[in-house]
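J.: Take a look at the letters that make up each chain.
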Amino acid sequence: MLDESIQELASRCLARIAAAGSPEALEAVRVDAVGRKGALAEISKGMGKLTPEERKRIGQVLNAAKQQLEAALDARKQEFGDAALRARLDAEWVDLTLPAPGPRRGHLHPITRIQRELEDLFVSLGFTVLDGPEVETEYYNFDALNMPPDHPARDMQDTFWLDGGNLLRTHTSPVQVRGMEHLGPPLRMIAPGRVFRNESVDASHEHTFYQLEGMMIDRDVSVAHLLYFMKTLLTAIFQRDVTVRLRPGYFPFVEPGFELDIRCLICGGPGCPVCKHSGWVELLPCGLVNPNVLRISGIDPEKWGGFAFGLGLTRLVMMRYGIDDIRHLQGGDLRFLEQF
Amino acid sequence: MVPGLTETAGPLERLITMKTAECEGIEETGALLAEACVARVESVEPIPGSHNVKAVVDAGPLGMKTVVCGAPNCRPGLLTAYVPLDKKVVQGVESDGMLASGAELGINRDHAGIVELGSLEGCAPDAAIEIDNKSITHRPDLWGHHGMAREVAAILGLELTDPARLDLLPQGPAAVTVRIEDFDLCPRYSALVFENVTVQPSPLWLQYRLTAIGLNPINNIVDMTNFVMAELAQPMHAFDADLLHGDTIFIRAAKPGEAFRALNGESYTLEASHLVIADSAGAIALAGVIGGGDSAISEKTTRVVLESANFQASSVRKTSSSLKLRTDASMRFEKAQDPVNTVRGLARAVELLREISPGIRLVGGLADEMREMTAPPAIELSLEWLERKMGRATEPSEVRRILRSLAFGVSEAQPGVFSVTVPSWRATKDVDIKDDLVEEVGRMVGYDSITPRAPLLPAAVPPGNAARRFQHDVRNLFVDNGFTEVYNYSFLSEEAARAFGLDPAAHIRVTNPIASNQELMRASLLPGIWKNITGNARHRESFRLFEIGLEIHRREQGLPEEIPHLVAALYDRQDGGIFELKRVAECLLPGARTVPAEARDYEHAARAAEIHWKGAVVGRLFELHPRMVDTGRAAILDLDLRLIESLSGERTKYTPIRRYPSSAFDLSVIAPLREQAGKLEGAIAGFAGPLLEAIQFVRQYSGPPLVEGTKSVSFRLTVGSPERTLSSEEIAAIRTTIIERMRDLGYELRV
Ligand SMILES: [Zn+2]
Chain A
5 MLDESIQELA
15 SRCLARIAAA
25 GSPEALEAVR
35 VDAVGRKGAL
45 AEISKGMGKL
55 TPEERKRIGQ
65 VLNAAKQQLE
75 AALDARKQEF
85 GDAALRARLD
95 AEWVDLTLPA
105 PGPRRGHLHP
115 ITRIQRELED
125 LFVSLGFTVL
135 DGPEVETEYY
145 NFDALNMPPD
155 HPARDMQDTF
165 WLDGGNLLRT
175 HTSPVQVRGM
185 EHLGPPLRMI
195 APGRVFRNES
205 VDASHEHTFY
215 QLEGMMIDRD
225 VSVAHLLYFM
235 KTLLTAIFQR
245 DVTVRLRPGY
255 FPFVEPGFEL
265 DIRCLICGGP
275 GCPVCKHSGW
285 VELLPCGLVN
295 PNVLRISGID
305 PEKWGGFAFG
315 LGLTRLVMMR
325 YGIDDIRHLQ
335 GGDLRFLEQF
Chain B
547 MVPGLTETAG
557 PLERLITMKT
567 AECEGIEETG
577 ALLAEACVAR
587 VESVEPIPGS
597 HNVKAVVDAG
607 PLGMKTVVCG
617 APNCRPGLLT
627 AYVPLDKKVV
637 QGVESDGMLA
647 SGAELGINRD
657 HAGIVELGSL
667 EGCAPDAAIE
677 IDNKSITHRP
687 DLWGHHGMAR
697 EVAAILGLEL
707 TDPARLDLLP
717 QGPAAVTVRI
727 EDFDLCPRYS
737 ALVFENVTVQ
747 PSPLWLQYRL
757 TAIGLNPINN
767 IVDMTNFVMA
777 ELAQPMHAFD
787 ADLLHGDTIF
797 IRAAKPGEAF
807 RALNGESYTL
817 EASHLVIADS
827 AGAIALAGVI
837 GGGDSAISEK
847 TTRVVLESAN
857 FQASSVRKTS
867 SSLKLRTDAS
877 MRFEKAQDPV
887 NTVRGLARAV
897 ELLREISPGI
907 RLVGGLADEM
917 REMTAPPAIE
927 LSLEWLERKM
937 GRATEPSEVR
947 RILRSLAFGV
957 SEAQPGVFSV
967 TVPSWRATKD
977 VDIKDDLVEE
987 VGRMVGYDSI
997 TPRAPLLPAA
1007 VPPGNAARRF
1017 QHDVRNLFVD
1027 NGFTEVYNYS
1037 FLSEEAARAF
1047 GLDPAAHIRV
1057 TNPIASNQEL
1067 MRASLLPGIW
1077 KNITGNARHR
1087 ESFRLFEIGL
1097 EIHRREQGLP
1107 EEIPHLVAAL
1117 YDRQDGGIFE
1127 LKRVAECLLP
1137 GARTVPAEAR
1147 DYEHAARAAE
1157 IHWKGAVVGR
1167 LFELHPRMVD
1177 TGRAAILDLD
1187 LRLIESLSGE
1197 RTKYTPIRRY
1207 PSSAFDLSVI
1217 APLREQAGKL
1227 EGAIAGFAGP
1237 LLEAIQFVRQ
1247 YSGPPLVEGT
1257 KSVSFRLTVG
1267 SPERTLSSEE
1277 IAAIRTTIIE
1287 RMRDLGYELR
1297 V
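Chains as they are written, first to last, in the working numbering: chain A, 5 to 344; chain B, 547 to 1297.
Do not take every clue at face value.
Which chain B residues face chain A? A few, computed with CB under 7 Å, are given here [unchecked claim]:
1) S681
2) V984
3) I996
4) E1031
5) V1056
6) F1089
7) L1096
8) P1106
9) E1107
10) K1160
For the record, the hints were derived by calculation from the structure and aren't laboratory data. The beta-carbon is built from N, C-alpha and C at its ideal position, and this holds for glycine as well.
Could you put together the complete structure from these sequences and hints?
T.: Here's what the structure looks like:
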């Protein structure tokens, strides 16, 4: 008898649980069924009249029913929770094609980019990066580089002179001398920077441009070593194997002096307009450091030797990106600068 | 000069480029001369209605030809040049070939009429290889064809012949006396006197050769001097002897203010630093630069003084640059020519003059004044040194062969060590140390025979460059925050300097600027950035840019001060971006304070501040004055990177995380609208005492129910102790103290 009413109660409650339309309705069912004053509690109150055996058995029946109902309640509650979460997630739809707020990333100047690449490369090869002043003395720009006053080579470099007798450096080579003076041998250094020549500006000429000077001083430095570093440098710059050649070139601060050409990257050798149909493109001047320059900087040329080179960063940037007008580089036009 | 030469211009140009000097190209000359022949005009008939004539010519081996010719000098009996071309009909007359002018043939620049000639001997198609002047600055000998011929002979292993025959120089006392005042300035002066001179056009072979190298034929005497200069690199000058005063030639410093009329028709006022050639009446030539107009060769000339001298390179260079007068002679002398060469030039001249001025006679012997010339010391060259420098070994026999082919004297002083003497034409400035010989051998064996090799070097971390690394970090920060890097020129105009309150007189000035608006060295990056702002504002509504560059400031003496600065700008057509710029500045300068400052003329009067960091004023943050940028608002940050870098780089020290919880509470201060929140924050922080961990601005508010003209500024304070948890009484005490003290200062607090 009692068993039956428990069974009946349980199945009634299960039906109400299944029918509950909201978490609140479910809670009402829980209070009615398994709450402290709920139906099952009522039944257990009346168990005092039963025999101990009977009480034990009915107790088990009640317990089973309670567990059954509680599991059903939990499952139903979970369903409500899941539905609510699904609804929330759905409500939180956003249009991810909209642009992110805040500024876009800016752009480094193309010369900065290539200069950094080369700085990193040379630092990895054990070179130190040196700076020198843009306003130089005649001594560092010319005399100490084996170009005394009235040396005809001075004519090659149209110089901006400043009041007070100083000048704007016409090349980064003065930093060689400063480097030798400050650090002494052995020495491996590069010096990227801004240089000036008194030239009228047009699409291919600038009065302000950028060079990277390099120098190595050690016990035995040969043309073979110079060639090795130049090949390493140029392979890194052009990200492909390059063929180089040295031919005589005259620069007072090196002896012997070279012009370094690379095999034309456009035609590969047979000739094209870029290489003026020669198959070669003149890229950088270099050479073994003139012993006079070493001596002027306090280094004994019998014990030490070195090589030096000067790379035109501006020209390199123009070659790499195919820039046809040098004036863009210092024009400050974002439509140009944002391309890099 | 190289009799065995068979190479054509193309391969020769490549060889010269690889082993001697850079070539700039090949100019083919005299193409028409391939088929031209001497022809005699037999008859001339006018063509009605035309200035052209129909001429019948006897073209020798080619037979009789009928041609149409427009030259005014086309007349019967004339010997001229005939060039066979395809027949064509001109004005109804069939023209079989053409009669050519000197210019058409490439012999000279005369195109007024057809060439009048005796013979075309020595005129054939040829090629001129152009050499880049800059690549032979150090080689006085290569400024003459004979020097280049020596190179070619050495490259190809051929024999070289010398065009100068010294046995042609006359013996006996000279007809002129030479007086050299300063042998440093004029190490040697040689001269010859000629009489019975005929001044006339040069033979065509001579005209052709001069024209091919870009010189203008003038007359036989002048052409001869130019020819010798081009051949032997020895500039020469011919004076009309009858126009000179006295028979002594002085080489002396010009008298200050001395007047000189040059061959080019210009008059110059000379200074004592100029060296002149003078007769007893005055200057007759500017030494090594140009001859005088008053003693120039003319058709009337019958007697000639021929000068072949040597002048100090730097003196010639100074004279030529101070008078802005560069000539073929001065270009050669400033490369330090060989004093031995003066008499070689004269010897060659004697030979040529006999051919081109028939009947010419020498008067007297050679005048030749010179300083005692000493042979330069021999250079020791060891094979070991050569290998060390080149990075490859060279056979001793190869070294010997190469040096000798270039006219060096070579003897093997001891095994593996050569004693090398330098030819006079390489000894003036070019070759004096063993490294110069490394070059001679290296270029001739060919640098392509050297294999690249990595040096053996100790692995070592190179010394760092902290300043440069710091600048790269700053660049990254600004780029990451949306700023694009610009590069501006280092030059400023006076006007741009003034626009930013800078005194033009305080700037370093370029004495030879490209243009008058680029005559000052920038003492600020602001004018450049301003230009970038106004320029880009034409295309963009909003942008961010920055530059890192050097400010250049005059110093009392020595080099100027070069201070790296960063200038960043944030432009927007509508909104001011000054707080965004402040945020980015604080990324670089954590804990920096922005302290309102009196605005400068170009700054927005109410939006200008100094940036204080670690006890120093490191820069400025402001909005540009609306008058400077009328299309929108531009916020600008200007930082002294040198100062900032010097203050950076402190080691961070760890402090243990507090074990006892902190507490936070808010306070709102009522203050006048323009009271600075930073000031209030400072005051509160001061009153909070040592237990204050942090104070943070929360918000500010103005409007009802606050009294008009006031605002409420709220801060969150965090207090705590490393030793214990603060009691609520302690926290309340701190709060009360702050409130009371702020009230003492006249501020009401909303609690
Ligand atoms: Zn090519």
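J.: Each hint should be assessed against the structure and marked as holding or not.
T.: Comparing the hints with the structure gives:
{"no.": "1", "hint": "S681", "verdict": "6 Å, holds"}
{"no.": "2", "hint": "V984", "verdict": "6 Å, holds"}
{"no.": "3", "hint": "I996", "verdict": "5 Å, holds"}
{"no.": "4", "hint": "E1031", "verdict": "4 Å, holds"}
{"no.": "5", "hint": "V1056", "verdict": "5 Å, holds"}
{"no.": "6", "hint": "F1089", "verdict": "6 Å, holds"}
{"no.": "7", "hint": "L1096", "verdict": "6 Å, holds"}
{"no.": "8", "hint": "P1106", "verdict": "5 Å, holds"}
{"no.": "9", "hint": "E1107", "verdict": "9 Å, violated"}
{"no.": "10", "hint": "K1160", "verdict": "24 Å, violated"}
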